[in-house]
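Please construct the entire structure, taking both the sequences and the accompanying hints into account.
4 protein chains.
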Amino acid sequence: MINIGIIGYGYWGPNLVRNFNSTSGVNVTWVTDIDQDKLKLVKSRYPSTLVSMNTDEAIESSNVDAIAIATPVSSHFELALKALQAGKHVLVEKPMAVNSQECERLIDEADKRKLTLMVDHTFPYTGAVRKIKELVDGGQLGEIYYFDSVRVNLGLFQHDINVIWDLAVHDLSTLDFLFDQKPVEVSATGMRHISGQPENVAYITLFFPNNLIAHIHVNWLSPVKVRKTLIGGSKKMIVYDDLSIDEKVKIYDKGVSMSRDEVNIYKMKVDYRIGEMHSPSIDGKEALKNLTNHFRNCIDKKENPITSSLSGLRVVKTLKAVEKSMENKGRLEKIK
Amino acid sequence: MINIGIIGYGYWGPNLVRNFNSTSGVNVTWVTDIDQDKLKLVKSRYPSTLVSMNTDEAIESSNVDAIAIATPVSSHFELALKALQAGKHVLVEKPMAVNSQECERLIDEADKRKLTLMVDHTFPYTGAVRKIKELVDGGQLGEIYYFDSVRVNLGLFQHDINVIWDLAVHDLSTLDFLFDQKPVEVSATGMRHISGQPENVAYITLFFPNNLIAHIHVNWLSPVKVRKTLIGGSKKMIVYDDLSIDEKVKIYDKGVSMSRDEVNIYKMKVDYRIGEMHSPSIDGKEALKNLTNHFRNCIDKKENPITSSLSGLRVVKTLKAVEKSMENKGRLEKIK
Amino acid sequence: MINIGIIGYGYWGPNLVRNFNSTSGVNVTWVTDIDQDKLKLVKSRYPSTLVSMNTDEAIESSNVDAIAIATPVSSHFELALKALQAGKHVLVEKPMAVNSQECERLIDEADKRKLTLMVDHTFPYTGAVRKIKELVDGGQLGEIYYFDSVRVNLGLFQHDINVIWDLAVHDLSTLDFLFDQKPVEVSATGMRHISGQPENVAYITLFFPNNLIAHIHVNWLSPVKVRKTLIGGSKKMIVYDDLSIDEKVKIYDKGVSMSRDEVNIYKMKVDYRIGEMHSPSIDGKEALKNLTNHFRNCIDKKENPITSSLSGLRVVKTLKAVEKSMENKGRLEKIK
Amino acid sequence: MINIGIIGYGYWGPNLVRNFNSTSGVNVTWVTDIDQDKLKLVKSRYPSTLVSMNTDEAIESSNVDAIAIATPVSSHFELALKALQAGKHVLVEKPMAVNSQECERLIDEADKRKLTLMVDHTFPYTGAVRKIKELVDGGQLGEIYYFDSVRVNLGLFQHDINVIWDLAVHDLSTLDFLFDQKPVEVSATGMRHISGQPENVAYITLFFPNNLIAHIHVNWLSPVKVRKTLIGGSKKMIVYDDLSIDEKVKIYDKGVSMSRDEVNIYKMKVDYRIGEMHSPSIDGKEALKNLTNHFRNCIDKKENPITSSLSGLRVVKTLKAVEKSMENKGRLEKIK
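Residue numbers (the working numbering), protein chains in the order written: chain A, 8 to 343; chain B, 8 to 343; chain C, 8 to 343; chain D, 8 to 343.
The set of hints was computed from the structure by calculation and includes no laboratory data. Computed from a predicted structure; not experimentally measured. Take these hints with a grain of salt, some might be off.
Put simply, identical chains are the same to the list, so a pair is met inside one copy or across any two.
[What the hints assert, rightly or not] Below are the DMTMM-like pairs computed for lysine to aspartate or glutamate, each with C-alpha atoms no more than 25 Å apart in a straight line: (1) 235 with 249; (2) 309 with 115; (3) 327 with 85; (4) 343 with 173; (5) 232 with 283; (6) 45 with 278; (7) 276 with 307; (8) 324 with 67; (9) 336 with 150; (10) 138 with 253; (11) 336 with 187; (12) 336 with 111; (13) 343 with 85; (14) 235 with 254.
Okay, structure coming up:
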C-alpha cells in the first residue's frame, strides 16, 4: 500500500484525491491546503483523511510515501524539492516548474535518491491521444507533415500565468508524447487585451528538425469552446476533436501523391486521394485514473514514467522559448 | 450599355461571363483565352459572343468599354496596363499584381486617364461580410481585439503561387474592407511538404497600430474543409462560418469586464458575461453579382470602387511582407 | 426544517439525496433500499443519514415529514399510499403509477389529508423548457402547429417497462407543462426487436382539440443519441436540442403567410418568411435542484406543484392510451 | 443513337435535358412545354433542339425513340399511354401516376409492345443509397430492424399534391430499392395547418411481413432542413445524412446481444456492443446521370430497369394506402 499526501485542494486537487482513493494499492493519508474551508470539505468527504494547513506535516509524515503537488506553478519547485529531500516520490502538476533550472535541480535530486518524479501531463493518459500515438508509431499516417491545435474558450483568466502556461502546455506535452523528434525552434505571437492582465491569446509555431511543423492557437477570449487538432501525414490525416462525445478521433484516408504530368513530362503533377474515413472506438476511462495507476506502478514496479521529469523539463524549456519569442513579436528562438 | 471583354475562361472567367451577362446595362462582347477548347465552350453557351485566342483583339476592340482580367497573376500587370492604355476600364482578378510597383504603375495609369480600376476581391460583396462590416462600423462589437481566420482544405495546389497568394488573399482583403486601421507589421511561418511545390501551409500574424491582432491559417493539405473566422470585441464576438448554409454569422453577447476585487481592493477581477446569441438573416445574393453591378456603377455613375486599386495595392504589399517573414521563419516585417 | 426519507437508491435516488441535501430547509434523514450494498454507499457518503432495508421504518419514522419514491413504477402506488396514510408529503418518480385508477386513489388520499403529492417530471424544471414555456405563453410563436420530439439512443433496456414508459414520458410531461390544451386522441405504433424484451421503438401521434399535432419518436436501439424537439408556430419556430451545450434553444423567425395570387385572384399563394435566428441565454441550474426547492415550497408555503398529481394522472392516462393504440398498430384511441 | 423527346421544362425537365444531352448514345431532339418562355430558354441553351407547345408533335415525331415525362403527376398517365401507343420507350417522373389502375394500364401497354417503361425514382441512383444497398445485400447489417427517415424543410408548398406525394415518395422508392421484402400495412397521421392547402406534415409507419418497421416523417413547415435516415440492424447500424458533404453514410459497429443473466439463469440480459464507426467513400456522380445512362442501356441492351414500372406501381399503391390511413387518423390499411 502506497500512502499519498496531496498538497493543494483547489481546482485539480479534488480530482487527484478522488482518483488516488479509488486506485488499488494506494491510500490518500494526508491533504493540505492554506484554506481552512477546503480542508473542512476534505473532512466531510473523507473523514479518515488527515488534513493540515501546514504542508510540512504531510511531507514529513512517516505515514506518507509519495507527495502529489497541485499548487500554483510558482511553488512547485520548493515543495517538490522538500518532498524529494524527505525521501518521498513526487507527482507534480503541470507545468513542472517556472524554468528549466528548477526542473533540472529536481531531476538531479530524484535521480540521486532513486525516487520517482513524474509530471501530471494529463493528455498522454487519454484514450484518444493513446490511439493517435498507436497510429503514429505504427506508421499508418506516413511521414508527419503538421500538427495543428486550437484550444480556445471564454476564460478562465489566470492572474499569475498567461494563456501559454495555462493552455498551450497541454499541446506541448501531447506533442512530446506523440513524436520522437522534438521541436528545435519557435516563433510565437500574442497579445494582452485586458489591461493589467497577462497575454490572453497566443499563436505558436514550432519547427522540428525535419519538415514537421506544429502550430498551437490558444485563446481565453473566444466566444466558443474549441479543442480541435488536425494532424496531417503523407498517408493519412487525423481530426481529433476532444469535445466530441462519440467521434473524438477521425482518421481520413486522404492525401496527395505526385505523378509525372502526361503533357509535360518534366513537370510533376499533384494528385488527390480521397478515401474512406473511420473513427475508432476510444477507451473512455478517465485519464487521471490511468495516470494514478501508472504512478503507482512507477513506484511499485519500477516502471518508467510516461510523462517523465525529462518530458516536464522539455515542455518548460519550450514554454520559456515561446514566451521569449512572443515578447519579441515572433522572433525565432532556439529551444535549448 | 457597357460592353465588356473578358480575358481568360479558366476557373473564374466563366463566373465573370455569367454574372456580367445577367447584369443589366452590361453586355459581354468578347471572351479570349489561349485554349481553343475553352473558346468553343463559350461559343456553345453564348453564340453571339466574339471569341479569340489573341487578347489584343478584345482589348483594342471598339466594341469593348471595359476589360475583366481572369488570368494567372503574373500576367495581370501587362494585360491591365495595355487595357488602360487602350482607354478601357479594368476589373482585375485578385491578387492585383505580383508586387507593389506593378500595382502603383497601374494606379497611376488609371488616375491619369480617369478610368475605373477595380480589384476582384470577392468577400466584401458577400452578405455575410457586409453584415459584419455593419456591426463593426456601428460599434456593436466594441473595441476589436482579434480577427482569427482558418481557411483550409485538401488542394488545389497551384504551381505558380503558394497557399498565401491563393487563400490568405481572401482574408487580407476582408480585413482591409472591415477595419479602417491597417496592419503595420507581420510575422509569418509556413512549410513546403511536397517536394518541388510551393508552401502549402502558412500561419500569419498581423499587428495593427493598436491592440488588434489578426491571424490567418491557410492550408492546402487539410483532411477537412474549414472556412471559419472568429472576431473578438470588447462588447460582442462573432463566429463567421462561410460553409454554414443558414447560420453564417453568429453574434455572441459574451465578453469580460473588469471589477475591483472585493477581498483585495488593489486587485482587479475579470468577470465573464454570457448572454444570448443571435444569427442575423444574411442576404444570399451571389457576391459576384453584387460586384458586377457595382463595377457598372463605378463606370456609369462614378461610384468609388469598394475594392479599389488602393486596397489591391495594400493587399499585395501585405502579401509581400508575409512572404518575406515566412521565408525567415517568423521574422517581424514592416508592411510598407 | 423538512425531514425527508428517500425510498430507493438505484439510478435516480442518489440524485434526489444529493439535491435534497443541498436544498436549504431540507434534510435527508432516511434512505432505504432492498440492496445492502447501496445502503453502505449511502453511509460512506452521508454518515449521519439513517438507512434501512425496511421501507416502513422510513415511512413511519417521526423523524420524516416527506417521502420521495425512486423505485420501479410498479411499486409507486403501494409506497405512496402508505406514506400518505402515514401523514407524509410525497414526491413520486415518473411515471406516477401503472394506471389511472392508482393515480386517482393517491390524489384522493392526498386531498383528503391536505398533503402535497408531486410527481418528479424533471423537464419542466430545466432552463430550456422554462424558456420555451415563456415564449409559448407570451404568444411569440403564434398559433402552435406541431411539436415533434426525437429521443433516441442505444440502451438502456428496461425489463419491466417498454420504451414508451421509459422515454416518451419525458415528452408527455413536457407537453403537459407547455400547452394549456391537452391531447384527446392518439395513434401509436412500435415494435419489439429483441426476443423476450418489451417494445424498443415507438412512434406516437397525439391529436389536440385544435390543429396542434404532437409526435414523439423514442428508440432504445439507435446508433446515435438524439434529444431534439421541433416546435412550429405560425409566427416563429423553435429547435430545442437538449444535447447542445451552448445553444439548447434556437428561435427561428421563419414561417409562411398567405397572400392573394396576383395572376389568379381566386387563388391564395403561400409566401415564405426567413428572418433571423436567436438563441437565448438559458439558466443552467440543475433541474432537479429547482424541483427540490419547489417541493419544499409546496410543503412550506403551500405553493401548487408545477408537476402536480393531476399532471401525473394525465401523463399516465396518455401512456395507457398510447400503449393500447400501439398494440393495435396505430388504432385511434381516445385519451380519457 | 437514341433520340429523346422531353415533355415539360419546369423544375425537373432542365435536369433531364442537361443529363440526357451529356449521355453518350443519346440525343435530345424535342422539348415541349405549355409555357412559351420556357421554350425560348431551351432554344437559347440548345439551339438545335426542336421545341413545341404541342406535346403530340414530340410524341409522334419519327425523330423520337423515347419520351421522358416531367409534368405534374395528374398528366403522367395520359402522356405515357400516348407515348407507348406511339411505340416510344418511356421514362416517367415520380410518382408514376395518381393510382394503381393507371400504373397497371401503363405496365400492360409497355409489356404488350415490349417497350421500356421506367420510373424516375432518383435515390436508387445515388452513390449513398447504392452503398447502403451493398451493405444490406452483403448481410453486413444483420437482420434489419428499422428504417427511420426524416425529410423536412420550409416549403415549397405544392398546390395539387400533399407532402406525402411530394416528399415521402423518395423514401418509399428508396425502401423499395433497398429491401426485398415489401410493406404490407400502414398507419399514417398528418395535418393541414395552412387553410385551403394540402397536408403539410405527415408521419408514416410501414409494417413489413417480419419485424422490420419503417417510419417516415415529412414536413413542409420545418425551420431547419433535415434529410436523415437511421437504419438499425442486428449487427450494424447506419446514419445516412444526405446533406453531409463528406460523410453521407456512417456505419456504426453498435448493437445489442443477449446473454444469460449470471444471477438469474432463467433471465436474459441485454448487452451493448460499441465499436468503431466508419464512413465509406461515396461515388459523387450525379444520380440523374447514372439514371439516364441506365435508361439508355435498358433500351439498347435490354437491361431491366432498376426503378421499374413495377416498383413505380408498388410506390403508388403504398402512397394511396398511406393517404387513406392519414385521412382516418392512423387507421391500419393493407397495402394491396
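25 Å Cα cut-off: does residue 235 pair with residue 249 within a copy, between copies, both or neither?
both (6 Å within a copy, 18 Å between copies)
Using 25 Å as the alpha-carbon threshold, which applies to residue 336 and residue 111: within, between, both, or neither?
Answer is neither: 28 Å inside a copy and 29 Å across each miss the 25 Å cutoff.
Within, between, both or neither: residue 45, residue 278 at alpha-carbon 25 Å
between (60 Å within a copy, 23 Å between copies)
State whether the alpha carbon distance between residue 343 and residue 173 is at most 25 Å within one copy, between copies, both, or neither.
Answer is within; shortest intra-copy Cα gap is 21 Å, inter-copy 36 Å.
Pop the pair residue 276 and residue 307 into one bin, within, between, both or neither, using alpha-carbon distances up to 25 Å.
Result: close neither inside a copy nor across copies, 57 Å intra and 39 Å inter.
Should residue 336 paired with residue 150 be assigned to within, between, both, or neither, using CA atoms and 25 Å as the limit?
Between copies, since 22 Å is at most 25 Å while 31 Å is not.
Is it within, between, both or neither when you check residue 309 against residue 115 at 25 Å Cα-Cα?
within (18 Å within a copy, 69 Å between copies)
Within a copy, between copies, both or neither: where do residue 232 and residue 283 come within 25 Å Cα-Cα?
between (28 Å within a copy, 15 Å between copies)
Status of residue 85 relative to residue 343 across identical chains (alpha carbons, at most 25 Å):
Within one copy only: 23 Å inside, 50 Å across.
At most 25 Å between CA atoms: does that hold for residue 327 and residue 85 within a copy, between copies, both, or neither?
Within one copy only: 19 Å inside a chain, 49 Å across chains, cut-off 25 Å.
Copy assignment of residue 336 with residue 187, given that the CA separation must stay at most 25 Å
between (29 Å within a copy, 23 Å between copies)
Is it within, between, both, or neither for residue 324 and residue 67, if the alpha carbons may be no more than 25 Å apart?
Neither: 31 Å inside a chain and 64 Å across chains, both beyond 25 Å.
Consistency note: the structure conflicts with the earlier hints numbered 7, 8 and 12.
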